[in-house]
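These protein sequence lines map, in sequence, to chains H and C.
For the first sequence, my numbering assigns the number 637 to the last residue and increments by one with no breaks.
For the second sequence, my numbering assigns the number 637 to the last residue and increments by one with no breaks.
In short, the hints are calculated from the structure, not lab data.
Please note: incorrect hints may appear among the correct ones.
When chains are identical, the list treats them as one kind, so a pair holds in a single copy or across two.
What the hints assert, rightly or not - Calculated lysine-lysine pairs in the DSS-like style (CA-CA distance at most 25 angstroms, straight line):
| # | residue 1 | residue 2 |
| --- | --- | --- |
| 1 | Lys370 | Lys514 |
| 2 | Lys514 | Lys588 |
| 3 | Lys389 | Lys358 |
| 4 | Lys517 | Lys370 |
| 5 | Lys588 | Lys609 |
| 6 | Lys389 | Lys609 |
| 7 | Lys517 | Lys357 |
| 8 | Lys621 | Lys602 |
| 9 | Lys447 | Lys381 |
| 10 | Lys588 | Lys358 |
| 11 | Lys609 | Lys366 |
| 12 | Lys476 | Lys621 |
| 13 | Lys602 | Lys357 |
| 14 | Lys357 | Lys370 |
2 protein chains.
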Amino acid sequence: MDFQQYYDTRKKLVNNFLEKRMEKRGISNVDDAMKYSLLAGGKRLRPILLMATAEAVGANGYDFLPAACGLEMIHTYSLIHDDLPCMDNDDYRRGRLTNHKVFGEAMAVLAGDGLLTLAFEVMLEQRNVKPSTLVEVVHETAMCAGNFGMVGGQALDLDAENRQITAKELKTLHEGKTGAMFIAAVRGGAHLAGATDEQILALTRFAELIGLAFQIEDDILDVTSTAEELGKPIGSDEKNNKSTYVSLFGLETARKMADETTKEALACLDSFGEKAEPLREIAKLMTNRKN
Amino acid sequence: MDFQQYYDTRKKLVNNFLEKRMEKRGISNVDDAMKYSLLAGGKRLRPILLMATAEAVGANGYDFLPAACGLEMIHTYSLIHDDLPCMDNDDYRRGRLTNHKVFGEAMAVLAGDGLLTLAFEVMLEQRNVKPSTLVEVVHETAMCAGNFGMVGGQALDLDAENRQITAKELKTLHEGKTGAMFIAAVRGGAHLAGATDEQILALTRFAELIGLAFQIEDDILDVTSTAEELGKPIGSDEKNNKSTYVSLFGLETARKMADETTKEALACLDSFGEKAEPLREIAKLMTNRKN
Numbered sequence: 347m348d349f350q351q352y353y354d355t356r357k358k359l360v361n362n363f364l365e366k367r368m369e370k371r372g373i374s375n376v377d378d379a380m381k382y383s384l385l386a387g388g389k390r391l392r393p394i395l396l397m398a399t400a401e402a403v404g405a406n407g408y409d410f411l412p413a414a415c416g417l418e419m420i421h422t423y424s425l426i427h428d429d430l431p432c433m434d435n436d437d438y439r440r441g442r443l444t445n446h447k448v449f450g451e452a453m454a455v456l457a458g459d460g461l462l463t464l465a466f467e468v469m470l471e472q473r474n475v476k477p478s479t480l481v482e483v484v485h486e487t488a489m490c491a492g493n494f495g496m497v498g499g500q501a502l503d504l505d506a507e508n509r510q511i512t513a514k515e516l517k518t519l520h521e522g523k524t525g526a527m528f529i530a531a532v533r534g535g536a537h538l539a540g541a542t543d544e545q546i547l548a549l550t551r552f553a554e555l556i557g558l559a560f561q562i563e564d565d566i567l568d569v570t571s572t573a574e575e576l577g578k579p580i581g582s583d584e585k586n587n588k589s590t591y592v593s594l595f596g597l598e599t600a601r602k603m604a605d606e607t608t609k610e611a612l613a614c615l616d617s618f619g620e621k622a623e624p625l626r627e628i629a630k631l632m633t634n635r636k637n
Numbered sequence: 347m348d349f350q351q352y353y354d355t356r357k358k359l360v361n362n363f364l365e366k367r368m369e370k371r372g373i374s375n376v377d378d379a380m381k382y383s384l385l386a387g388g389k390r391l392r393p394i395l396l397m398a399t400a401e402a403v404g405a406n407g408y409d410f411l412p413a414a415c416g417l418e419m420i421h422t423y424s425l426i427h428d429d430l431p432c433m434d435n436d437d438y439r440r441g442r443l444t445n446h447k448v449f450g451e452a453m454a455v456l457a458g459d460g461l462l463t464l465a466f467e468v469m470l471e472q473r474n475v476k477p478s479t480l481v482e483v484v485h486e487t488a489m490c491a492g493n494f495g496m497v498g499g500q501a502l503d504l505d506a507e508n509r510q511i512t513a514k515e516l517k518t519l520h521e522g523k524t525g526a527m528f529i530a531a532v533r534g535g536a537h538l539a540g541a542t543d544e545q546i547l548a549l550t551r552f553a554e555l556i557g558l559a560f561q562i563e564d565d566i567l568d569v570t571s572t573a574e575e576l577g578k579p580i581g582s583d584e585k586n587n588k589s590t591y592v593s594l595f596g597l598e599t600a601r602k603m604a605d606e607t608t609k610e611a612l613a614c615l616d617s618f619g620e621k622a623e624p625l626r627e628i629a630k631l632m633t634n635r636k637n
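Generate coordinates for the entire structure from the input sequences, incorporating the hints supplied.
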């Protein structure tokens with residue numbers, strides 16, 4: 347399997363879907379601010395993860411583009427709000443000026459709100475599955491994105507600034523902030539593809555573990571990468587006095603944790619055979635990346 | 347019919363549902379910020395509108411509390427974000443300090459994000475309707491709340507500050523900012539209750555008209571009410587150089603417009619008979635209110 351080609355094909359499909367969907371213009375120029383961040387590139391990891399999981403279960407990932415791309419909208423809104431002056435106050439993202447730097451703070455708040463809302467709109471346009479399945483998938487996505495998941499994790503992150511937090515607190519924080527949306531992607535893909543309960547159990551564990559490995563790698567990159575490679579300033583965790591896997595365990599131990607967690611994640615896919623090969627490659631990509 | 351009792355009963359049901367739902371705590375204290383604004387009182391107009399519309403079509407409004415209360419969460423999130431320093435920069439709302447004044451800006455952004463997300467989660471928990479109907483209702487709610495509706499209207503509002511806008515622009519702005527969520531409430535209630543196409547057509551027109559009348563009345567109250575009655579500062583439109591129906595047409599003409607629009611709205615309900623009596627009373631309440 348040529349994984350690079352696999353990934354690029356799906357990334358192009360996601361980008362095409364998002365561009366096409368954003369051609370339907372709303373009533374104001376908040377659309378421009380929404381498009382600025384949504385169509386600014388990015389790895390499209392969450393939608394591709396959803397598609398690859400659906401494929402691991404035997405379905406065609408292409409069939410679930412609306413659900414997949416809704417996840418990218420949720421991810422993008424979270425970046426816009428996270429970059430705001432009152433939050434992380436970042437000037438650059440994906441190598442470009444952040445949303446509020448271009449459109450102003452008020453419009454950036456609305457662009458995030460608009461993308462979060464549009465995410466649900468688009469997901470509910472997924473038409474080739476049973477409505478009851480769609481209700482379940484979108485409901486679970488909302489749970490993963492909200493105060494039980496991503497938003498909750500970001501709130502914990504706020505509270506964790508300027509104080510030392512424990513390894514356990516850090517885990518809860520990341521399970522919410524980053525892990526929950528990976529779980530939404532993997533479980534969403536599994537449900538849409540009609541996975542068995544047993545498959546869903548194994549895939550959920552897989553998602554939890556790659557979410558953890560991804561976050562450890564993220565903390566490592568913040569100290570070892572360059573701003574060019576990362577497309578955003580490095581060292582921001584230290585600047586903001588944030589507890590990270592590196593600050594808590596040191597660089598070498600953090601590296602070892604990322605490797606072991608990835609191995610454990612891959613073991614969850616043993617029963618899926620050849621069809622899970624792209625999913626395995628994505629797991630490796632997420633935990634040994636340059637940006 | 348004792349309308350006051352009708353309204354109070356439903357308001358209590360909405361409040362109970364919201365309080366009960368918020369007992370399910372997420373992983374962080376963003377829940378406290380969410381609850382602060384969500385459980386701060388308020389008229390609960392949108393959920394009661396949904397229920398009264400369902401009743402006008404012959405269903406039991408109580409049956410649709412999850413869908414109804416999702417609308418209140420969307421409304422509340424929009425108020426939190428609207429009050430932010432980068433938006434309207436208001437210190438008081440519903441007679442209490444605004445969310446960011448109590449929890450800080452970053453947490454207020456997250457509280458809004460959390461409520462918007464939870465709104466979809468809760469709506470998708472509506473279990474006594476066909477999943478295909480629920481998908482349709484929640485999809486339409488997202489459309490009304492997003493860049494085609496409320497968020498779009500708020501973006502137009504931003505652009506309209508400090509410049510004179512035309513009556514036509516003002517109408518588009520309000521159709522988005524306020525009207526769209528009334529349409530979501532009325533059409534949502536109608537769909538959930540199994541209304542006919544003809545009924546939905548009449549109710550949609552009704553919703554458009556009461557939305558317009560409500561907004562005109564809102565502009566009137568901003569100049570004629572007191573801060574105590576309104577629970578928020580008066581005169582803020584003039585302070586922010588906002589175009590309003592009063593600034594464009596004068597107070598007397600605005601009053602006449604509100605009255606005529608309300609009459610036209612009521613005419614849309616003619617074929618619904620006795621069962622639409624609460625809906626008629628709500629329309630009158632919305633357009634002749636103290637706060």
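The hints, checked one at a time:
Only between protomers do Lys370 and Lys514 lie at most 25 angstroms apart by alpha-carbon distance; the minimum there is 22 angstroms, versus 44 angstroms within a single protomer. Proximity of Lys514 and Lys588 under a CA criterion of 25 angstroms is satisfied intra-copy only: 15 angstroms inside one chain copy versus 50 angstroms between copies. For the homomeric pair Lys389 and Lys358, the shortest alpha-carbon distance inside one copy (11 angstroms) is at most 25 angstroms, but the shortest distance between copies (47 angstroms) is not. In this assembly of identical chains, the alpha carbons of Lys517 and Lys370 lie at most 25 angstroms apart only when taken from different copies (21 angstroms versus 40 angstroms within one copy).
Taking the shortest alpha-carbon separations for Lys588 and Lys609, neither the intra-copy value of 27 angstroms nor the inter-copy value of 59 angstroms comes in at or below 25 angstroms. In this homomeric assembly, Lys389 and Lys609 come within 25 angstroms of each other (Cα to Cα) only inside a single copy, at 22 angstroms, whereas the closest approach across copies is 54 angstroms. For the identical chains of this complex, Lys517 and Lys357 are neighbours neither inside a copy (30 angstroms) nor across copies (40 angstroms), given an alpha-carbon limit of 25 angstroms. In this assembly of identical chains, the alpha carbons of Lys621 and Lys602 never lie at most 25 angstroms apart, being 28 angstroms within a copy and 68 angstroms across copies at closest.
Taking the shortest Cα distances, Lys447 and Lys381 sit within 25 angstroms of each other inside one copy (15 angstroms), while across copies they are farther apart (31 angstroms). Proximity of Lys588 and Lys358 under a CA criterion of 25 angstroms is satisfied in neither setting, with 35 angstroms inside one chain copy and 43 angstroms between copies. When the C-alpha separation of Lys609 and Lys366 is checked against a cutoff of 25 angstroms, the pair qualifies neither within a copy, at 38 angstroms, nor between copies, at 42 angstroms. Proximity of Lys476 and Lys621 under a CA criterion of 25 angstroms is satisfied intra-copy only: 24 angstroms inside one chain copy versus 34 angstroms between copies.
Within a single copy, Lys602 and Lys357 get their C-alpha atoms no closer than 30 angstroms, and across copies no closer than 56 angstroms, so neither meets the 25 angstroms cut-off. For a Cα distance limit of 25 angstroms, the shortest separation of Lys357 from Lys370 inside one copy, 21 angstroms, qualifies, whereas the shortest one across copies, 37 angstroms, does not.
In this structure, the earlier hints numbered 5, 7, 8, 10, 11 and 13 are contradicted, and the remaining ones agree with it.
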